[in-house]
Amino acid sequence: MTRKKTDYLWIGVFAVLVTFAVPWFLWRDATTWQGLPVWLWWHIGWMGLASVAFALFARGAWDRGMNVDPEEVGFDG
Amino acid sequence: MASPQLPVQLGIVGGYLVVALAVGLLAYRLTGRDAEDYYLASRSIGTVVLLFTTFATLLSAFTFFGGPNLAYGAGPEWILVMGLMDGILFAILWYLIGYRQWLIGKIQGYVTLGEMLGDRFGSRRLRALVAGVSLFWLFPYVMLQQMGAGEAIVGLTNGAIPYWVGAAGITLFIIVYVVAAGLRGVAWTDTIQGLFMLGIVWIAVGWVLSSAGGLDVVSSSVAETTPEFLALGGGLYSPQWMIAQAVTIAFGVTMFPQINQRFFVAKDVRVLKRSFALWPVLVVLLFVPAFLLGTWAAGLGIAVPEGSNVIPVLLNEYTPAWFAALVVAGAMAAMMSSSDSMLLSGSSYLTRDLYRPFVNPSASDEREAWIARIGVAVFAIGTFVVSLFRPGTLITVGDTAFGGYAQLALPVIVALYWPKTTRQGMIAGIAGSQLFYLLHVFLPALTVGGVTVFGSTYFTWDFALYGMALSLLLTVGVSLLTTADADERAETFTVGTRAD
Chain A
-19 MTRKKTDYLW IGVFAVLVTF AVPWFLWRDA TTWQGLPVWL WWHIGWMGLA
31 SVAFALFARG AWDRGMNVDP EEVGFDG
Chain B
85 MASPQLPVQL GIVGGYLVVA LAVGLLAYRL TGRDAEDYYL ASRSIGTVVL
135 LFTTFATLLS AFTFFGGPNL AYGAGPEWIL VMGLMDGILF AILWYLIGYR
185 QWLIGKIQGY VTLGEMLGDR FGSRRLRALV AGVSLFWLFP YVMLQQMGAG
235 EAIVGLTNGA IPYWVGAAGI TLFIIVYVVA AGLRGVAWTD TIQGLFMLGI
285 VWIAVGWVLS SAGGLDVVSS SVAETTPEFL ALGGGLYSPQ WMIAQAVTIA
335 FGVTMFPQIN QRFFVAKDVR VLKRSFALWP VLVVLLFVPA FLLGTWAAGL
385 GIAVPEGSNV IPVLLNEYTP AWFAALVVAG AMAAMMSSSD SMLLSGSSYL
435 TRDLYRPFVN PSASDEREAW IARIGVAVFA IGTFVVSLFR PGTLITVGDT
485 AFGGYAQLAL PVIVALYWPK TTRQGMIAGI AGSQLFYLLH VFLPALTVGG
535 VTVFGSTYFT WDFALYGMAL SLLLTVGVSL LTTADADERA ETFTVGTRAD
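Chains A and B, in that order, are what the protein sequence lines are.
This note's numbering numbers the first residue of the first sequence as -19 and each following residue consecutively.
This note's numbering numbers the first residue of the second sequence as 85 and each following residue consecutively.
Warning: the hint list may mix true and false statements.
To be verified - With a straight-line cut-off of 25 Å between C-alpha atoms, the simulated SDA-like cross-links for lysine to any residue are: (1) K504/B x V(-4)/A; (2) K(-16)/A x Y501/B; (3) K351/B x R39/A; (4) K(-16)/A x A33/A; (5) K190/B x F37/A; (6) K(-16)/A x P3/A; (7) K351/B x A33/A; (8) K(-16)/A x L177/B; (9) K190/B x P441/B; (10) K(-16)/A x L500/B; (11) K504/B x N47/A; (12) K190/B x E572/B; (13) K(-16)/A x K504/B; (14) K351/B x M46/A; (15) K351/B x L36/A; (16) K504/B x V(-7)/A; (17) K(-15)/A x R184/B; (18) K(-16)/A x T578/B; (19) K(-15)/A x W502/B; (20) K(-15)/A x W42/A; (21) K(-16)/A x M46/A; (22) K(-16)/A x W22/A; (23) K190/B x R39/A; (24) K351/B x G40/A; (25) K(-16)/A x I497/B; (26) K(-15)/A x A361/B; (27) K(-16)/A x I176/B; (28) K190/B x G40/A; (29) K(-16)/A x V579/B; (30) K504/B x A447/B; (31) K351/B x A41/A; (32) K(-16)/A x L438/B; (33) K(-16)/A x A361/B; (34) K504/B x A244/B; (35) K(-15)/A x L500/B; (36) K190/B x V48/A; (37) K(-15)/A x E572/B; (38) K(-15)/A x T578/B; (39) K351/B x G45/A.
Hint data in this document are derived by calculation from the structure and do not stem from the laboratory.
Chain B on its own, in the form it takes in the complex (with noise of 0.2 Å):
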């Protein structure tokens, strides 16, 4: 039923869109029309910008929709996986992968991983299969982020407005924004939406608690309704769990494209020591209000319709329709900012990685841009016809991503710091355990004499975990098995000169 609110509603999330619009366009006019500047800004991305565009890229649907809704339903401990994940081990997986990418990335002038490893092997196999298994699990995650949109306007307008609207409406602006802005425009709103995120998810946390009593009636509200909630573990949450989903997602993040090629942007070292020390506090100022805000809304008995999130019945409950709104917008904007992230580098694995290599190499600039934007097109109307189905929730569909991009984050690290590491190493290691995993998640779980194998864990630890002890061994493995060729290049990875 149409409430009276509704075209408040949509004038806030509509306007809302048009100003990261316009952001976009303006830094269209700043952009130049080569490859470097396009996808990574000329390298020129200063600290404030990188930082928030890295953290607006994990601020998705499944951080800002499927975090509160599963601590609804099992409790707060998420915020415990998300900020060990997120705060710890990305921060050093940052410093591990991510300057040593910067370092070699900067002197050979790499846009891709696929390209740093596929010139570093002297392979365009490894280099295509790299592109495109990361072009394939950002499949599923740009679906998320409509899946996300669309169950937000549902949850915001109580169904006036229909799922595949608000699914459309985003995909629809993520195109133009991609085509148009380029990463300039993307890292611009990026800082915008994660600042406004940051800024209106305490608002929120101070309304919901001012309006329900304060903190100590909350509180005791949980410790009557949920108990459980309060105790550390339980339920859901085993150490297991909680240690792969940390694990495979700390590991799967640094892996997807649009935070893998953030590695080549910063404009100098000093940059990236920044953002890496501030990560685990903006982690926590982020993820404990947006978790605690599902927490309470279970300890205060709000119900949540099937198939809708948390957050916007809790705001719609305790606080004006404005204000609803302005969070749900501010969301939807986060998704987008994902998404356009993710496209936009997608873009770019498929036409430095695919296209030109093996289709059409020599490939005008302004033809390869047209590819990009055509392919960008084409990938998010894909996403978006899937998304009409809801393959699962949302953190299920996100994890089932996490996890592919988690197996190849081992070789990677293997091949960055093991000079003897070799092209069919390489090769081994990734097929290897994408095999593997794709099996996992796309056959059901079968009992052979007394052992489920393609469940979901194997001695209660996640098949992704194995997936990934499964491609260090491979590729270590058969790289110890097999010598290099001549065209391998192990010193294209040696950085630095210092005399020890």
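Chain A with its partners taken away, still in its complex shape (with noise of 0.2 Å):
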């Protein structure tokens, strides 16, 4: 893929992890599983995929983002 098609893909993925982090498609559900409402098992479920998400973008957008060279900032201290 060109660069501009990632990047834009990155913005879509961020988009969505946003948008249904609450599942407002279960708005007023109540149904509950091993105890507890099925929206917190999908939020819980939601937050790992985020953190997956997250990994897979500092791997591989995160200085493209900010145009910057891995070189550049791999400096320490």
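Two chains, two separate frames, one set of hints: put the complex together.
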């Protein structure tokens, strides 16, 4: 993929992560599973997913997003 | 009435505080005399410590007592608000604001937000404005911690120890601590406290569940007593309210002096990356159990006396006194770490952005250090005195502070990314939105020609969001209408040389 395309992809991923951190489609739903509401399980799973997405972002697109070379910021203290 | 457990409870709380003090003093022995070491630990903070020092700073009375109280009163949806705000929005801002500031700070050697903006826009006035606004909103938030500590001690000891003793105790402790330790000490104890809190809250969940008969029993009593709590939304929780809370808190948090200053301290970029990815998990690990405890307390029919917090009451009911004391000690430690971080950063704003540029430019480092320490003591005593009047619940006092800081966030983001931002645009954006926000906080709601102004919402959305929109509009609009002066140095904020 070209640089532009991956950048837009990341913006999209972040937007989806923000939007569905609260499961709006379960609004007023009171179903429980294993003693906790299903919407809470969704949220817990979603946060795990967010962590994975953030880790991938940090590995792949972190420096490009700021337009810097990895070598440039690799210096220590 | 004094219970036979009182000595045990006080012994545990006291013991914990002494351990924290010992760590601080150890760090003090390693602290250098210059400002970069005192405030930024020489920009040498590693992943675990950065993660936990930021985390512990967020672990304030607002999250640890206010959050469960809200879950007790209105249901556990607060978990979602805090998860969205802290785990996701804040993480993204951590990258957008934090990484950018780290890159700039590393090259230019900045220590405070005001210093960074003042230098970029060639304006002492802007620097003072940012520092002044930051210190102003710091006041209610430090006060919140003292209120939390006072209430915690009352709840734990059933009122045997009065509110003011808890609040005064923590004030004294914070002053001694900040004056002695500097950021290295604060960061070290934050790490210990963060790990401790995380562990203890899970043990509390296990203990409450097993003495109440297991998750199924607790869950069915929630379904019986407060069936409304299981359904997503309803009551206090409207989508507008949840979104407004998450947005204002997330943006507000990035502008807290103690959080914003953390953006300058990472040792290298890996530290920032790892913290960023671990953030959502850490948030879930802490907030889910903490707020579920509040919800379960409601389901189990725990009665919380007026002015107390649900967590100590619940634990006194279901766990031994020593364990409840340990949790309260952990929570007080969390409030301390919040407050000492805040005051430490606040003191650097005071000396570097206000005292040195305006009062005494040629002050020696030694003199500056004294001013900082005296400032901390005066500030903490001031918040203590006001905390005695208990001007609102933990959540309302916290909210006001978050909203006030949130007004700063968008102008700062604009400045970080848009080279055409001008000094006048920044001043208009910051001053205008602060004025708007202050009027809404302090003036009573008025109805003019059928329209309510200065109320808490417009068209069901929180006024803080309108203030943020105003700050963006003014910053961009005024920047477009004005031209930059010769001493505004947009190149200061240029990061990266990578060719596109």
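Checked hints:
1. In summary, the hint linking K504/B to V(-4)/A is not supported, as the alpha carbons are separated by about 30 Å, beyond the 25 Å threshold.
2. Pair hint K(-16)/A plus Y501/B holds up; C-alpha atoms about 18 Å apart against a cutoff of 25 Å.
3. Taking the CA atoms of K351/B and R39/A, the gap is about 18 Å. The hint holds against a cut of 25 Å.
4. Among the hinted pairs, K(-16)/A with A33/A is consistent with the structure: their alpha-carbon atoms are about 18 Å apart, no more than 25 Å.
5. Proposed proximity of K190/B and F37/A is supported: the alpha carbons are some 22 Å apart, at most 25 Å.
6. Restraint check: the Cα-Cα separation between K(-16)/A and P3/A comes to about 30 Å, which exceeds 25 Å; the hinted pair is violated.
7. At roughly 23 Å between alpha-carbon atoms, K351/B and A33/A fall within 25 Å of each other, so this suggested pair holds.
8. For the proposed pair K(-16)/A and L177/B, the alpha carbon gap of about 21 Å is at most 25 Å, so the pair holds.
9. Between the alpha carbons of K190/B and P441/B the distance comes to roughly 22 Å, so the proposed pair stays at or under 25 Å and holds.
10. For the hint linking K(-16)/A to L500/B, the alpha-carbon distance of about 21 Å falls within 25 Å, and the restraint holds.
11. Using a Cα cut-off of 25 Å, the hinted pair K504/B and N47/A holds, with the two alpha carbons roughly 18 Å apart.
12. Annotation: proposed proximity of K190/B to E572/B holds, straight-line Cα distance about 20 Å (limit 25 Å).
13. Proximity of K(-16)/A to K504/B is assessed by CA-CA distance (about 24 Å); at most 25 Å being required, the pair is judged to hold.
14. Between the alpha carbons of K351/B and M46/A the distance comes to roughly 18 Å, so the proposed pair stays at or under 25 Å and holds.
15. A hinted pair counts as satisfied when its Cα atoms are at most 25 Å apart, and K351/B with L36/A qualifies at roughly 21 Å.
16. For the proposed pair K504/B and V(-7)/A, the alpha carbon gap of about 29 Å is over 25 Å, so the pair is violated.
17. Taking the CA atoms of K(-15)/A and R184/B, the gap is near 22 Å; set against the 25 Å cutoff, the hint holds.
18. Our distance criterion of 25 Å between C-alpha atoms is met by K(-16)/A and T578/B, whose separation comes to about 21 Å.
19. At roughly 22 Å between alpha-carbon atoms, K(-15)/A and W502/B fall within 25 Å of each other, so this suggested pair holds.
20. Only pairs whose Cα atoms come within 25 Å are accepted, and K(-15)/A paired with W42/A is accepted, the gap being roughly 15 Å.
21. Taken as a hint, the K(-16)/A and M46/A pair is honoured in the structure, with Cα atoms around 13 Å apart against an allowance of 25 Å.
22. Under the criterion of a C-alpha separation no larger than 25 Å, the hint pairing K(-16)/A with W22/A is inconsistent with the structure, at around 31 Å.
23. For the proposed pair K190/B and R39/A, the alpha carbon gap of about 21 Å is at most 25 Å, so the pair holds.
24. Under the criterion of a C-alpha separation no larger than 25 Å, the hint pairing K351/B with G40/A is consistent with the structure, at around 20 Å.
25. Taking the CA atoms of K(-16)/A and I497/B, the gap is near 22 Å; set against the 25 Å cutoff, the hint holds.
26. Restraint check for K(-15)/A and A361/B: satisfied, since their Cα atoms lie roughly 22 Å apart, inside the 25 Å limit.
27. Using a Cα cut-off of 25 Å, the hinted pair K(-16)/A and I176/B holds, with the two alpha carbons roughly 19 Å apart.
28. With a C-alpha separation of about 22 Å, the suggested pair K190/B and G40/A falls inside the 25 Å cut-off, and the hint holds.
29. Our distance criterion of 25 Å between C-alpha atoms is met by K(-16)/A and V579/B, whose separation comes to about 19 Å.
30. Restraint check for K504/B and A447/B: the C-alpha separation of about 35 Å exceeds 25 Å, so the hint is violated.
31. Restraint check for K351/B and A41/A: the C-alpha separation of about 20 Å stays at or below 25 Å, so the hint holds.
32. Pair hint K(-16)/A plus L438/B does not hold up; C-alpha atoms about 44 Å apart against a cutoff of 25 Å.
33. Restraint check for K(-16)/A and A361/B: satisfied, since their Cα atoms lie roughly 23 Å apart, inside the 25 Å limit.
34. Between K504/B and A244/B, the direct Cα distance comes to roughly 60 Å. Violation of the 25 Å bound is thereby established for this hinted pair.
35. The hinted pair formed by K(-15)/A and L500/B meets the criterion: a straight-line CA distance of about 24 Å does not exceed 25 Å.
36. About 14 Å separates the Cα atoms of K190/B and V48/A, which keeps this hinted pair within 25 Å; it holds.
37. As the CA atoms of K(-15)/A and E572/B are separated by approximately 35 Å, the hinted pair breaks the 25 Å bound.
38. Among the hinted pairs, K(-15)/A with T578/B is consistent with the structure: their alpha-carbon atoms are about 24 Å apart, no more than 25 Å.
39. Taking the CA atoms of K351/B and G45/A, the gap is about 20 Å. The hint holds against a cut of 25 Å.
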